[in-house]
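**Student:** Let the sequences and hints guide you as you build the complete structure.
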Amino acid sequence: MPMKNGRFFVGLGGVALVVSYLVWTGIKDTMVYYLTPTELLAKVESDPHFHEVGVKVSGKVVSGSYSRLQGELLHRFQVHDIEHEQVAFWVEYEGVLPDTFTDDTEVVLEGRYGADGVFRAKTVLTKCGSRYEAAPEELKHPAEIEIRS
Amino acid sequence: MTILGEFALWMALPISFWGMTMGFVGGRYGRGDLVLSAERSVYVVFGLLLIASLGVIQAFLADQFQYWYVANYSNRELDTYFKIAGLWAGQRGSLLFWAVILAFFSSIAVFQNRRRNREFMPYVVGVLQGILAFFVVVLLFAKVNPFERLGFTPPDGAGLNPQLQNYWMTIHPPTLYFGFTAFSIPFAFAIAALLTGRLDSRWIVVTRRWTLVSWFFLTNGIIFGMRWAYEELGWGGYWFWDPVENASLLPWLSSTAFLHSVMIQENRGMLKIWNMSLVLLTFLLTIFATFLTRSGLIESVHSFAQNTEIAMIFLAFMGSVLAGSVVLILYRLPALRSENQIESFLSREAAFLLNNLVLLGAAFAVLWGTIYPLVSEAITGQAVAVGPPFFNRVNIPIGLVLLALTGIGPVIAWRKASARNLKKNFLLPLLVGAGVVVIFLGLGARDGYALATFGLSAFVLTVIVVEFWKGTRARARIEGEGAFAALLHLVGRNRRRWGGYIVHAGVVMIFTAFAGSAFDREIRKVLNPGESVSVASPFGHTYSLVYEGISSSREPNFDRWVALLSVEKDGKPQGALTTERRFYRVNRQMITEVGIRSTPLEDLYVILADVEDFEGMVTNNPDAQRIVVQVMVNPLVAWIWYGGLIITVGSLIALWPGPEAGPRSRTARQGAAETETDLVEASA
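Taken in sequence, the protein lines are chains X and W. Last residue of the first sequence: 217 in this note's numbering, with the numbers rising by one and none dropped. Last residue of the second sequence: 1476 in this note's numbering, with the numbers rising by one and none dropped.
One or more hints might be untrue.
So, partial list: chain X residues that the calculated Cβ filter (under 10 Å) puts toward chain W [claimed, not checked]:
{"#": "1", "residue": "Thr93"}
{"#": "2", "residue": "Asp97"}
{"#": "3", "residue": "Val100"}
{"#": "4", "residue": "Val176"}
Only part of the chain W face toward chain X is listed, based on derived beta-carbon distances under 8 Å [claimed, not checked]:
{"#": "5", "residue": "Ala1157"}
{"#": "6", "residue": "Val1338"}
{"#": "7", "residue": "Met1382"}
Everything labelled a hint here was simulated from the structure, so no lab data went into it. Don't be surprised by glycine CBs; every beta carbon is placed ideally from N, CA and C.
**Tutor:** Rendered as structure tokens:
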């Protein structure tokens, strides 16, 4: 923009700076670690402060571990690491579970891993086909697709 | 028919390449015969892609499960309506759908401009056929061919994701795709203008209208998507800052910026490079959005396998478009020099510039937040997540500045606003805005952002109403017309301006609705038959719901459990409301169908969160009928849908062809008073 008037570049630069500042601090303050259960337990081990930090964790629900407590408003289940099945912890969640939640789905949890070893989830999302399409199947080669009949 | 469709898709490959080559060669060497051939090839490619699309639909309707795409997105019992929509239900079909819509728009653009803009047409055709050729190549060679066969015929298909089996989901993707593809036309004209060096206002006129077409579809597509999320996903919200949602927002933000900055170019001959860059950016963002929506790249970080072929081919395409366009802009830099300078911060130019910066700032924030997890993991190896808290924190203040500018931009004077101009236009709206804030404070609202939104919305609406009133009054006085006739003629004489104001009113309504979400109420409760749950609404009403019982039935494609609740509002019976769960047998998936009772001010939104025993319902055992419901009161949600309708009306007024549609020459307008408000000013 060939504007000779330097004041305008200062003004425009100011706007750009404010937006960058908002974005920068916004990312810094709201970003959370996205961990596997193994990584989460290792982090908590090395730094107990991590019990207070909100994190996002992906894992798989342990079959048969699901139950409802407190007049059925509290969901309780175990989640294990997808690669290391022996690494697991209990999850408590008060809220509506996603439609696709079953007793052996992959889930993404957001919340805090308390000092008592229970993960208190603020949100629970299921990973597979939760929104748009059956993506895992879609990208497989046709020969690998198992057609349900 | 399906075989014919596959054949047509293959035929589209050489013909689109032919059209691209002949367009550029014919344009470069002034060969009219080659150019004509290129133009006709656009219609041919449209016909071929249409046959291919019908072939896919035919495969769905005839349950031809030997095709991978049909087997994965349909089943015998699927509703015919959703079988037709299967064309855009998955990645493969929707890429074909994208291409056929682009070919459709290209044909219209070629037909409209074949005489009007002769000198641009060779290159316009070349660019459009180039984009089409790209999509045909992707379809045929990037492992996403919708006609790919399984090698065997399964007895039934895997079924369509039940969450996609919803009315809004059948119209949301096409509308969005109409918006994405329509923007290829402005891009093609921009490139043609750069190549021919004809950088006066001609290309802007065509581009402006097509941008509005694209913007109109994008806006509606986004709103339809919100409606789908609200009704189908069952968590009470309509926007989640999901990467795919963000992807559709990006071109919307940049095309909104262009629609505004183009006015500065038309009126003041400024910002030519900027506008050219916005067209380029928006086009890239439409491609990026298509790519992100259908490649699963971002979501795939932690879950899905990536289709690397399609990622690479899209990145290569976007990279070459970017490089080529930047080179062209640099080459034409001297011709894009500005004719004027900004004279004051207090001017319409400055307000529009700020609007552009703020819109692009929002786009940057959304883009950065969306791709940050990828960037961070690539650089540090540590996976992170960026979610709604980030997007809300950054975009709410940006949105408020934008809302304020929506009121300031249209009435602040060009060049330099006088104190008199400011006082005359802004005193009343500011007082109304402040009054609204005071009223809401008095009513007990304490959310700062929501109060700011309500105040600014009132400010903007007052500006718009005063403009309409002044214009109508002046016209009624000068032409001696009745108020209604004066209003109609006023709008008719400058559709773009008044249509734009109506669009602004719709946008204000939607912003107000967003602010309403600060006052959502929700309660979750276990209910046995006969028990009730109460919730107080932010408008001071009390809803009581009595759980009457649950019934189950078997439908062709799913089993359903329907809970019946009777609703009372402040003690007055309001009738019954049902909320249900369905189990889609083929997909083996449970979904929630929310019960919504919508009023203009607030929605009662009831989710059947849990059912005690899905087997026991038929026995009528009361214990087995215990359910968990989540009851929400969502204020002002309906205003989003109303706002969308108002935006549609405003856009159609602005788009309607008429005397305004032709090029508006600056010299012609310098002689006459520009607007009705100027008439008022002159007569005052």
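**Student:** For every hint, state whether the structure bears it out.
**Tutor:** Hint by hint, here is what the structure shows:
no. : hint    : result
1   : Thr93   : holds (9 Å)
2   : Asp97   : holds (8 Å)
3   : Val100  : holds (5 Å)
4   : Val176  : holds (7 Å)
5   : Ala1157 : holds (5 Å)
6   : Val1338 : violated (19 Å)
7   : Met1382 : holds (5 Å)
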